[in-house]
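K.L.:
Using the hints provided, position chains B, C and D relative to the given structure of chain A.
Residue numbers (the numbering used here), protein chains in the order written: chain A, 25 to 127; chain B, 25 to 127; chain C, 25 to 127; chain D, 25 to 127.
Check each hint, because a few of them may be wrong.
Each pair may be met inside one copy or between any two copies, as identical chains are not told apart.
No farther apart than 20 angstroms at their CA atoms in a straight line, the calculated lysine to aspartate or glutamate pairs in the EDC-like style are these [said to hold, decoys possible]:
1) Lys80 x Glu47
2) Lys80 x Asp54
3) Lys80 x Glu69
By construction, these hints were calculated from the structure, which means they are not laboratory data.
Number of protein chains: 4
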Amino acid sequence: MLAELEIVPIGTTTTSLSAHLAEVARLVADSGLTYRVGPMGTTVEGDWDAVMRLAKACHEAARQASGRVLTTIRIDDRIDQSGPRLAAKVASLERAAGRPLQR
Amino acid sequence: MLAELEIVPIGTTTTSLSAHLAEVARLVADSGLTYRVGPMGTTVEGDWDAVMRLAKACHEAARQASGRVLTTIRIDDRIDQSGPRLAAKVASLERAAGRPLQR
Amino acid sequence: MLAELEIVPIGTTTTSLSAHLAEVARLVADSGLTYRVGPMGTTVEGDWDAVMRLAKACHEAARQASGRVLTTIRIDDRIDQSGPRLAAKVASLERAAGRPLQR
Amino acid sequence: MLAELEIVPIGTTTTSLSAHLAEVARLVADSGLTYRVGPMGTTVEGDWDAVMRLAKACHEAARQASGRVLTTIRIDDRIDQSGPRLAAKVASLERAAGRPLQR
Numbered sequence: 025m026l027a028e029l030e031i032v033p034i035g036t037t038t039t040s041l042s043a044h045l046a047e048v049a050r051l052v053a054d055s056g057l058t059y060r061v062g063p064m065g066t067t068v069e070g071d072w073d074a075v076m077r078l079a080k081a082c083h084e085a086a087r088q089a090s091g092r093v094l095t096t097i098r099i100d101d102r103i104d105q106s107g108p109r110l111a112a113k114v115a116s117l118e119r120a121a122g123r124p125l126q127r
Numbered sequence: 025m026l027a028e029l030e031i032v033p034i035g036t037t038t039t040s041l042s043a044h045l046a047e048v049a050r051l052v053a054d055s056g057l058t059y060r061v062g063p064m065g066t067t068v069e070g071d072w073d074a075v076m077r078l079a080k081a082c083h084e085a086a087r088q089a090s091g092r093v094l095t096t097i098r099i100d101d102r103i104d105q106s107g108p109r110l111a112a113k114v115a116s117l118e119r120a121a122g123r124p125l126q127r
Numbered sequence: 025m026l027a028e029l030e031i032v033p034i035g036t037t038t039t040s041l042s043a044h045l046a047e048v049a050r051l052v053a054d055s056g057l058t059y060r061v062g063p064m065g066t067t068v069e070g071d072w073d074a075v076m077r078l079a080k081a082c083h084e085a086a087r088q089a090s091g092r093v094l095t096t097i098r099i100d101d102r103i104d105q106s107g108p109r110l111a112a113k114v115a116s117l118e119r120a121a122g123r124p125l126q127r
Numbered sequence: 025m026l027a028e029l030e031i032v033p034i035g036t037t038t039t040s041l042s043a044h045l046a047e048v049a050r051l052v053a054d055s056g057l058t059y060r061v062g063p064m065g066t067t068v069e070g071d072w073d074a075v076m077r078l079a080k081a082c083h084e085a086a087r088q089a090s091g092r093v094l095t096t097i098r099i100d101d102r103i104d105q106s107g108p109r110l111a112a113k114v115a116s117l118e119r120a121a122g123r124p125l126q127r
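Next comes chain A alone, as it looks inside the complex (with noise of 0.2 angstroms):
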């Protein structure tokens, strides 16, 4: 399955995340899980144990540097296809539409 992480520290007294946001950016490169980092959020591919082993040492990560964090997974979880989607996901919108898409 897919699952998008988006974590936000509340509190932070700064507008940048970034600083708050660069262990949670280690653990996920470092989870041996297919990934992709995008402007709202990092999305992962693996099975549900994997995916919220990984976003539970996220959000508990976020939570020490931080007192109070948000915290949004949302799964895309489809039985008929059993190869990686991660790419072919967008790449199968980019042919129903016909032309190419920025990624």
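P.N.:
Only chains B, C and D this time, still in chain A's reference frame:
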């Protein structure tokens, strides 16, 4: 501001949604806004009115093809940055993490 | 259509957000739209333009008080139901579940 | 922590989802966690493992009935409040707004 659009038609009979979202993808590509298609949604950059004009057109196109549509618009609006943020946001996280990240 | 608004000010120095969202709550209550405040967001009922006018006013009020705001708008738009859905949706789930649910 | 669960089966042939979500509603009601059903999702209160056990059971029940499921889990986790927050959060917003709000 950045805004991610996720449009989900309900009651499509098929689990694949790309055919239902082809027209939406073309509307985004033709909007003139900077955009990036990701595995869980498409992020566009523009001011509130430009973004919402596009969001309404996309939502209505999906609603023509389907009796029910769930649309999620996630906005990240930051006053203290004037330049384009679509690519800059991931680059900033990469610098904070101290390593390259898959995009 | 139904639309849930979730507004998150960033860089607030405090973990409590209610003082930052008081003006947003008053805008919703004064909008004339049917609404319901829940623990994770406020759902309003109205057509696209009325809902988005309110969403813009709420977002801008939060932005005046904070240099960065994350706003999420989740829309559920269903053509085959003309009457009000805000209360009807939970009642329909309750009937399907065959038991009363806490609201 | 608070966690909102939103579960959306794809490819259902009908625009009504309540029959598909009846089993999910029963799982939540039987979980022993404090919960509140709202128009756009159900919010539960518990620690990470209890919440995610329930989220997995709900997601899997929906997946048995449908070839594709989109599940969104939105977490609000705040270290500086130990008591129950499900009702307290809306009451706190109401106090800040200085008026009663529809719930």
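K.L.:
So, for every hint listed, does it hold in this structure?
P.N.:
Here's how the hints hold up against the structure:
1. In the homo-oligomer, the alpha carbons of Lys80 and Glu47 lie at most 20 angstroms apart inside one protomer (13 angstroms), although the nearest pairing across protomers, at 26 angstroms, exceeds that limit.
2. Taking identical chains as interchangeable, the C-alpha atoms of Lys80 and Asp54 lie at most 20 angstroms apart only when both belong to the same chain, with a minimum of 14 angstroms there against 24 angstroms between chains.
3. In the homo-oligomer, the alpha carbons of Lys80 and Glu69 lie at most 20 angstroms apart both inside one protomer (15 angstroms) and across protomers (16 angstroms), since each shortest distance falls under that limit.
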